[in-house]
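Q: Required output: the full structure, derived from the provided sequences and hints.
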Amino acid sequence: MFLINCPFCGVRDQSEFSSGGEAHIVRPKQPTELSDDEWAEYLFMRKNIKGIQFERWNHAHGCRKWFNVVRDTSNDKILSVYKMGEKPPVNYK
Amino acid sequence: MPNYRIHKTEYIDETKRVSFKYDGKTYYGYDGDTLASALLANGIHLVGRSFKYHRPRGIVSCGAEEPNAICQIGSKKELTEPNVRATELELYEGLEASSQNCWPNVKFDIGGINNFISPLIPAGFYYKTFMWPKSFWKKVYEPLIRLSAGLGKSPIEPDPDIYDHKHVHYDVLVIGGGVSGIIAAKMAAKNDLKTLLVDDKKILGGSTIYQNNETIKIDGKLSSEWLKNEIQEIKKLSNLTIKTRTSVAAYHGYNFLLAKENLTDHLPEEKRRNKIRQRLWKIRAKKVVIATGSIERPLVFNNNDRPGILLSNSINKYLDYYGVTCGENIILFTNNDSAYETSISLHKKGIKNIIVDLRKSASSELIKQAESLGIKIYFNHVVTNTFGYRKINSLEIMKLSEDGNTTVGNKIRLSCDCLGMSGGWTPMVHMHTQSGGKLDFRDEDQVFLPKENSEDQISVGSCNGDFDLENIIDKTVNKINKFLDIDNQDYQDTNIICSKENDKRNIWLLPNKIPLGKTKCFIDFQNDSTAKDIKLALKEGFRSIEHVKRYTTTGMATDQGKLSNMHALGIIADTAGVKMGTLGTTTFRPPFTPLTFGTLVGRNVGKFFEVVRKTSMHEWHVENNAEFENVGQWKRPWYYAKKRENMHDAVQRESKAARDSAGILDASTLGKIDIQGTDASEFLNRVYTNAWSKLAIGKCRYGLMLNEDGMVYDDGVTTRISKNHYLMTTTTGGAANVLSKLEDYLQTEWPELDVYLTSVTDHYSTASICGPNSKKILNKLFPNLDLSDENFPHMSFKEDKLENINCRIMRISFTGELSYEINIESKYGHSLWKMCIEAGKEFNLTPYGTETMHLLRAEKGFIIVGQDTDGTMTPSDLQMDWIVSKKKYDFIGKRSLYRSDTIREDRKQLVGLLTDDPKEILEEGAQIISDVKSKPIDMLGHVTSSYFSPNLNKSIALAVVRSGKTMKGQKLIIPMENKNINVTVSDTIFLDKENKRLNA
Ligand SMILES: [Zn+2]
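Top line first, the protein sequences correspond to chains A and B. Numbering (the working numbering) for the first sequence: 1 to 93. Numbering (the working numbering) for the second sequence: 1 to 1000.
Since the hints were made in silico from the structure, they are not lab data. Using N, Cα and C, we set each Cβ at its ideal position, and we do this for glycine too. Check the hints yourself; a few may be wrong.
To be verified - In silico contact screen, one side only, chain A against chain B (beta carbon under 8 Å); selected entries:
1. Met1
2. Phe2
3. Gly20
4. Arg27
5. Pro31
6. Thr32
7. Asp36
8. Trp39
9. Leu43
10. Arg64
11. Asp76
12. Met84
A: Below, the structure is given as C-alpha cells:
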C-alpha cells in the first residue's frame, strides 16, 4: 500500500487515490487532421515499463486533483510528484 | 491417568485447574498451558493422521510451525473453527477440541490403508491418477479425497463474534519480543521514538525466557533472569506500546503491515460475550525491526514421523516452560549443540536421556557440561529407523561413513519413548522477503539470510542468522544504533558468557542401508511428502523449486512448509549437484500464519457490508409495498405490488396506468452535476456529441456522451438555467464516473476553460409525473404556473414555489408521455412526493418503479446506457446519427467515429424485434441467428431489452444484430433450450412514432 504525497494535501494512503495510467499523453489539438494510425497511437498505445514510469494519479477521495507521479515499477518507490502542467523532473529521464 | 508434569514453573498456575475435552474425553490442565502442553502432560502424543497415508502423527513442535497437531475447536456449530494449532491454542475452561484428518477416529483409521498401498501413491499421484476418466472427478474422486482428507469443518452458521480494525502510525515497529526484539524496542523507545512491540505469544521473552543453563550468563545472571529484568524495565517506557498475542500476518510495501491481535480466544466461551474477539492492526511504521527468531529443523531419516518424535528445542520448552516432560526415556538426535541444552535440562530434572550426534566429534562448553554429567553421547552416528505404531518405542542407530554418504558397522537398537531431533536452525526470513528483501545463502550452516537491509527495515537476532547470545546482543545493539541513527549506551558494559558452537555437519537426507524407495523419510509432515517424492520429481524432469513444490505438494499445507522447505531445497541441490544458494527459495507469501475471515472483514458485515443510498421518499416506498432494486449503491423501487399481484401483474398495471392517466416515478437517483462558468457552453460542446451554444436559457436538451474511442458512455438531459449555468443529469449508475471523467478533462486537457463542476445528486429529490393527466396534477400543485404549451413547451424549464419552497420543474419525458420532473431540495422530497400523490388521487396517479420505467421507454425505443449498450456501441450503431453534430470541429470521441472499424457497415446495430407469436416474451441476453443448420451456427447478435407491452398488447424487444439497420422486415431465429422462436426485425420505436402523446 503506497503512501502518496498529494501536491495539494500532503502524504496520504493509497486507498484515497485512483490511478490514471501513463502521464504526458496530450490529447491532439486537431484530431481530424490525424490518420487512423496516428489517432490509434494516442488512443490505445501505452507503455508498460519495468523501471521508472511517469503516471497520472487522482486524489479521488481527497481534493480530487489530478497530478503526476514518477514511480519505479520494479520496487514501487515513488520518486517524485508534481502538479499537472509542470514539467517532469529531468533527472529521471 | 499418567502425569508427565514433573516440576513447577512460574508460567503454569497449578492453583487454577482447567478442564477441557479432547476427542470427547475430559482431561485437566492448568492456567498457562497450551492445548499441546496439556495433552503432553496427560501423556497424549497421538493427535492426528497424515494427509495422504493416514499415518499416526504426534505433536512435533511448540509453535506456529506445527504441522501435525491441528484441531477443530468450539462446542457450537456457529463457533466451530478448523485448523487450529494445538501448540498455539491457550487452554481455557470448557475448551472442546478434536483431532482433524482422521475418520472414524484417531486410533482406528480407515485411511490408514493408504499406508500399505503407499508404493502406489508416488509424487504427483493426484495429478496422475485422478485425471481419468474425466467424469469420475466430480462424482467419485473429489468426494472421496475430501472425505478422507478431512481438513476440518467450516462453521455453517453466521459468525456471532465481533471483529475490529485499527489504524496506527509508529516511528518504529519491532516484530518479535525475544531478546533481540526487547533490546531493539528499548533502544528505540528510550531515544524518543514512538515504538510498537508485537509478539504472538502470551508473554514476552522468546526462547530465552525459560533458558536456565549455567554456561550462559549475562551480567552474572541466568539469561532468563536478566531478560525478565529487561522486560520489567521496558514496561515502564511511556512511548513504547507492547502488544502480546499479536502476530504480524503481512508486510506490504511502504512499511504497511497487518497484524492480528487475539483478544478473547484464551477466555472461556461464556466470558467472551460482547467482547471483540480479534483486532486487525493496520500499521504504518517509519522503520521496522524484524526480530522473528528462527525455527528448529527436523532431520530426515526413515520413519521420522512417529508420535513421540519432536523437535529437540520443543522438548526443552515443554519441560522448562510448561513443566512437562515428553517422555521418561528420551533420545536426542542432533547435528548441533542446541540439543545438549535440552539434554542437560532433562538430566537435571531426572529424565534419563542419551544423545546421538551425527558430527564426528564436537567440543564446546555445553558438550563438556553434558559429558561431565555422564550423559551418553554417540558421535558420528545416525538414526536409521524407528519403531512403534501409535508411539515410538525404540530406534536403530548406525555409524556414519567417513564421507557421510553411507552407514557402516552394526545396527544398535535403543529403546526410548521419545525422540528429539535437531537439524540446526532456520532463520524466519518471511517478513524480510515479504517486504521485498532478497536473501543470501551461508554455506557454513546452510541458512538463507536477509541480504541487504534497506533504510526502512532491518533484521536482528536469530532471524538474521545470529545464533549465540553474545552475537545476538552485540550485533543487535550495533545495528539498531546505526539503523535508527541513535547512540544508545545501555548495553555498552553488558557482560555475556555463552557456549560457542565449534563443529558443524549437515546432511539433508540421512543415509540408510534400505533403498530409498522402501523408506519413509518425511519432509513435509502435513502434506505427507517424502524424500523419495522429491527425488522422483527430479527424475521426471522437474528442476525449478516452484515446480517441485507444486508437483510433490511439499510446503503447500496450512503450515506453508515452515519445517520442510529447507530440506526439500537441500535434497534437490544435492541430487541435481548444484549449490543450494543458487536454487533460490520458494516465495514466502502472506499471511505468515492463517487469519480468520472475521478479522479481515472486521465490522463490514451485515448492513455495514456496503454503503446503501436511499432517497428522501424511501420510507413512502417501503410503506407502499415497493420491492427494491439495487442500482449502484441506490435502493430504487422496482415495482409496487398490490395484494395478490406478482411482479408481472404489477408492472402491467403500472405501465397501463402511466399511459392511460398518470404515473409517478422517484427519479431522485439520477446523477446531477451543476455546471457553472463562462465557458460552460463550450465545455458541453466538447463533452457531448451535439451542439449546445444555441440552447436558449430555460430550455433542456438530451445529450449523448462518448468515450474517446467513440463508444457511447452516458446520456441524460441538461438544462440551461442561466447564461453560464447548466444542470446536467446522468444515468444513476454512471454519475460518479461521469463526474470523474469531466473533471479529468477539465484539469488535464482543458485547464484554460472557466468551468466549475459540483455533484448535486444528493441535494435534490425528483418526482417525475407522466401521462395524459399529468398537466392537471401539476396545475393543482402549482396553480400560478402557466402550463400552456406556449409558455411551458416540451424540453423547457420553469421555477415555481410549492408552499414557499423553490422547485425546478422540467418538462421532459423518458416515457414518451406528457411529463414533468419536479426537483426540490432533498429535505422536502418526502413532502413533495406525498403532495403529488394527494393531488393525483382523483386521476389514479400510479407510482411506478424501474421495471415499468424500462418498459415504457422500450415502447418508445429509448436506449438505456449499460443495458442496450455495452461499451462497444457507437451512436450510429444505435441508429442515433441525428444526435451527432456534423458541424462541430471536435468533441470527445469524434475522431473515432470514422476509424475504419467504426464505419464498418456490418457492426452490431440496434433494432426492434417482434415475435411471431405476440404472447412470446424473449429472454434478455438470448442469442440471435438466421439459420439453424449452418455449423458452426453464425451468431448475429443478442436481445438487450424485452417486455410484454400492455399498451400494445404484444411482446416487444430491442436487440443488437449484425448489419441490423438493413434488415427491417427480415425473419430471424432465437434458439432456446427446447425451441426456436421466430422473430421479425422491426423499427426500434413501437409506440407513437409521431410523438403526439408528448403534447397530449
Ligand atoms: Zn489532495
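Q: Tell me the hint numbers this structure goes against, listed in increasing order.
A: none
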